[in-house]
Amino acid sequence: MRRLINQRPGRVLGAVLALLPFALVVLAYMTASTARLAENPGDKLLPSLISMADALVRLATEPSRRTGEILLWADTAASLARLMTGVAISMVLALIVGTATGLIPYLRRSLSPFLAALAMIPPLSILPILFITFGVGELSKVVLIIFGILPFMIRDLQQRVEEIPGEQFVKAQTLGGSTWQILLRVAIPQTLPRLFDATRLALGAAWLFLIAAEAIAAENGLGYRIFLVRRYLDMQTILPYVAWITLLAFLLDWLLRRLNYWFFPWYSTGRAK
Amino acid sequence: MSVIEARGLWKEYGRDVVLEDIHLNVAAGDFVTVVGASGCGKSTFLRMLLGEETPTRGELLLDGRPMPEEPGPDRGVVFQKYSVFPHLTALGNVLLAEELEQAAITARLLGRARREALVRAHEMLERVGLGSAAKKYPSQLSGGMQQRLAIAQALMKNPRILLLDEPFGALDPGIRKDMHALILELWERLEITVFMVTHDLKEGFDLGTRMLVFDKTRVDPHAPNAYGATITYDIPLQHGARSTDRLPATMLEGLPSNHDEESN
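First to last, the sequence lines map onto chains A and B. First residue of the first sequence? That's -2 in the working numbering, and the numbers climb one at a time after it. First residue of the second sequence? That's 11 in the working numbering, and the numbers climb one at a time after it.
This is chain B alone, in the form it adopts within the complex (with noise of 0.2 angstroms):
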């Protein structure tokens, strides 16, 4: 069964045309990782599973049913920047989701409730390694800190899929290896599906089981939006294999490669 299925998706705007003839199951407990050249509408599919973007023509579905028109619980989310409150402290921001689920009209806890939440929310803090950073605001915290928060405050919900808008682009080298081995452990215990786009070609081959390749098929040098992108290369992957070289060179083309990293 699959959690995902997109059948003849298009996506326009006026008369550009940004995604065409998208065809896509994803199964439960995939990590697909998205990659390609800017401006190839990968961001702009992601939107569309949050729901804050509808497809022109086509079908998306989330369990078999159409997709809801507006973000929501099942669909956890971490951008790259702005995915965690200000005005809330790490341990608040993790709060947060329990209180929203419990008081839908005070959207606070008291009492027992607050305590056995609170309780939720620190292990979820521990689990992301941020236990010891309840009390600090988002703007004390580090940028790799700031997106452990964000990933704790997504999985509070259970989400079926958790959506990554390149959520570690950001980041330091030596951070990024660190949210990798997170997010990879998460996925594994939790067994949540995770769909990713980066722009980082190497990440998307070590974190995926399968990556997903975004590109323009058809080129008018006059018109360059008369064409959508679609998906060119839908890779599976086994985690630590390095599937590099089984690549068509064609492939490579237009796509922002980690070369300097990969010497590290």
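Looking at chain A on its own, in the form it has when it is part of the complex (with noise of 0.2 angstroms):
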């Protein structure tokens, strides 16, 4: 009998034990539900899967009444827009700053404690000083996400500038290259896939940002929808709607990996060998 950390599943065996853990908990939630309503067919803690596919689609195909707009399209274009609009700026900035502090030594003592001391405040704690700012309408629920990850992604890209090996930065200079050309051809071009990657990490926590800043002040979007029919115990639209966040996520995690893979060809290469 060969060690346990030398044994690997198949490939059959391998997707079985991958999809295990999700079987068990629908299986649960299917067992607690049924046991539920059988007692009170009212119930609405535990809505049957039925029932919640119903709400789904009524949420996916019907207008609402109060609005006329399709709830589950309006909700979902609304938040991905704040989380595009605060995530791609992030990643503007993210690469301007890092790439810089990481290569020119004055930006980075000046700049570097400043940052550290930003991502220490919990970003949720200055939401109220957003609402006051910049109003409840879009502006401070993207400044909250922006706010939220753009300190942690700088230090992470200034981290990659400066993990690239010293000699590259000697050779571009032997051939010429001026700060500026060292940044736009060797110091960028390499942290631009890092930042993809950095991007990746970041989104979970633009997400909690997004549906936090929604929950307290907004009119539509993913997070304000669970969080109003929360008051009326309504989990047939609450427990769809966390699932189709979930796979909004993962969808755009999916397609930074590949971006990575399509722009950055030597990049995936050079870390398989």
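A few of these clues could be false.
Just so you have them, the derived chain B footprint on chain A, three or more residues with Cβ under 8 angstroms [said to hold, decoys possible]:
{"id": "1", "stretch": "156 to 170"}
{"id": "2", "stretch": "183 to 190"}
Quick list of the computed label-pair ranges, beta carbon to beta carbon [what the hints assert, rightly or not]:
{"id": "3", "chain 1": "B", "residue 1": "Leu120", "chain 2": "A", "residue 2": "Val226", "range": "52 to 58 angstroms"}
{"id": "4", "chain 1": "A", "residue 1": "Gly163", "chain 2": "B", "residue 2": "Leu120", "range": "30 to 36 angstroms"}
{"id": "5", "chain 1": "B", "residue 1": "Asn168", "chain 2": "A", "residue 2": "Gly163", "range": "21 to 27 angstroms"}
{"id": "6", "chain 1": "A", "residue 1": "Tyr258", "chain 2": "B", "residue 2": "Gly24", "range": "57 to 63 angstroms"}
{"id": "7", "chain 1": "B", "residue 1": "Leu34", "chain 2": "A", "residue 2": "Leu256", "range": "48 to 54 angstroms"}
{"id": "8", "chain 1": "B", "residue 1": "Ser142", "chain 2": "A", "residue 2": "Phe131", "range": "57 to 63 angstroms"}
A few chain A residues that face chain B, going by a derived Cβ cut-off under 7 angstroms, partial list only [unchecked claim]:
{"id": "9", "residue": "Gly174"}
{"id": "10", "residue": "Gln178"}
{"id": "11", "residue": "Trp263"}
Keep in mind that the hints were calculated from the coordinates and are not lab data. Just so it is clear, CB atoms sit at the ideal spot from N, CA and C, and this is done for glycine as well.
Once you've looked at the hints, go ahead and assemble the two chains, each given alone in its own frame, into the complex.
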């Protein structure tokens, strides 16, 4: 009998093992839901899978009586617009500031401690300040996302630049490169794939801040919706929404990973070796 | 006229002395090899030639003028590792030299300038035997091919001196032989000055027209860093001649020799 650390599942068994936890959770939910519904058919806490599917279809196809919009799509569009705006602005700023501070000692000395202090501020604690300053509209939510993920992304990219072997910067100088040219042709191109990695890590936090901001003050959005229907214990809506948010987060993560693969072939081949 | 001149050069870090009282004149066209035990300051000396380090005492001159305090296009370099840019293809790596020179703001060439630069880049790749690997990324090249690329890249700027920091140290013996032939051929044809640090004594003898040995002349066992290394031997060499027999036996002590390779 080989040691446990040397045993690996085959393809089929591996797939089964991967699906097993999901299946167990669904099974446990169905059991509990059936038991509760048998006792009280009006129970709202654990709706049956069928009633959730019905609710989801309704949310995704029927216009709302109040606004005339189809809620699921309107909420998704509003939330994704906020999330993408915040994440895109953070990516651009992180790339510029992160590579510059990583490359230029004067900037690093001046900005690093400040950024470290900034990253320590719990972002949600400044949400009231953002609401007071920028109003309760879109801007404050986008700013919250940026404030929540940008310091971390900058520090991450700065470290990536510092990890580039010093030999490369010497070599670039012996080829006649100026600071600007080295930033443009050596530091930034090698940091770009790292930017996508850093963004993938930051997305979890970005969702957190988005939903928190929407829960507190918004007129639409995925986070707004689930906190709104919470008052009516509307688990039929909340659970499918949570599943939908999870799916969106997964797709974004997958997309970023593929982009890295498509845009930077040298990055994936280099790491495989 | 000497390309490199050192006059009473010292390098100290606080109370630790790395190099002491180095005097050196390197003539244009010399192939200087530098050997010595590890930690004897030969790499520090190379970094001073690069401009990464500055001497704490004495003078270091390049073509009669003080050595610039940062790396520049007059001194090309090939390190043992990380000498090429992983995010550029072989062609892109060589082309970069032209792009940095001709496009100050964008660092990219377009149109006719790019086509002309591409021709020169292709020629240089051919010259080092990488013509068929132009489109490959460094991670797809073998160690020897990566070093060929690094040499090609360094030569694009027609540097005054080519600095080599143990460039073949990580390569297999067979590949190393090919690289020796390549570097000698380039040195002869381009008539450049080469300054090469190696820990391989045989390599130093085979390649150089002149070999420098760095060693400590004084050692205080209670304070190992109290004295620095200096140039203890400065040996003129003939290419193709076996010079090991003419050396004083004391000199070979503490130097890693490659007898196993000599018997091949």
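Checked hints:
1. 156 to 170: Satisfied; 7 residues make the cut.
2. 183 to 190: holds (count 3)
3. Leu120/B / Val226/A: 52 to 58 angstroms: Holds - the Cβ-Cβ distance for leucine 120/B and valine 226/A, about 57 angstroms, lies within 52 to 58 angstroms.
4. Gly163/A / Leu120/B: 30 to 36 angstroms: Holds, since glycine 163/A and leucine 120/B (Cβ atoms, about 31 angstroms apart) stay within the stated range.
5. Asn168/B / Gly163/A: 21 to 27 angstroms: This hint holds: roughly 24 angstroms between Cβ atoms.
6. Tyr258/A / Gly24/B: 57 to 63 angstroms: Given about 48 angstroms between the Cβ atoms, the range is violated.
7. Leu34/B / Leu256/A: 48 to 54 angstroms: Holds - the Cβ-Cβ distance for leucine 34/B and leucine 256/A, about 53 angstroms, lies within 48 to 54 angstroms.
8. Ser142/B / Phe131/A: 57 to 63 angstroms: About 58 angstroms separates the Cβ atoms of serine 142/B and phenylalanine 131/A, which means 57 to 63 angstroms holds.
9. Gly174: holds (5 angstroms)
10. Gln178: holds (4 angstroms)
11. Trp263: holds (4 angstroms)
Consistency with the previously given hints fails for number 6 only.
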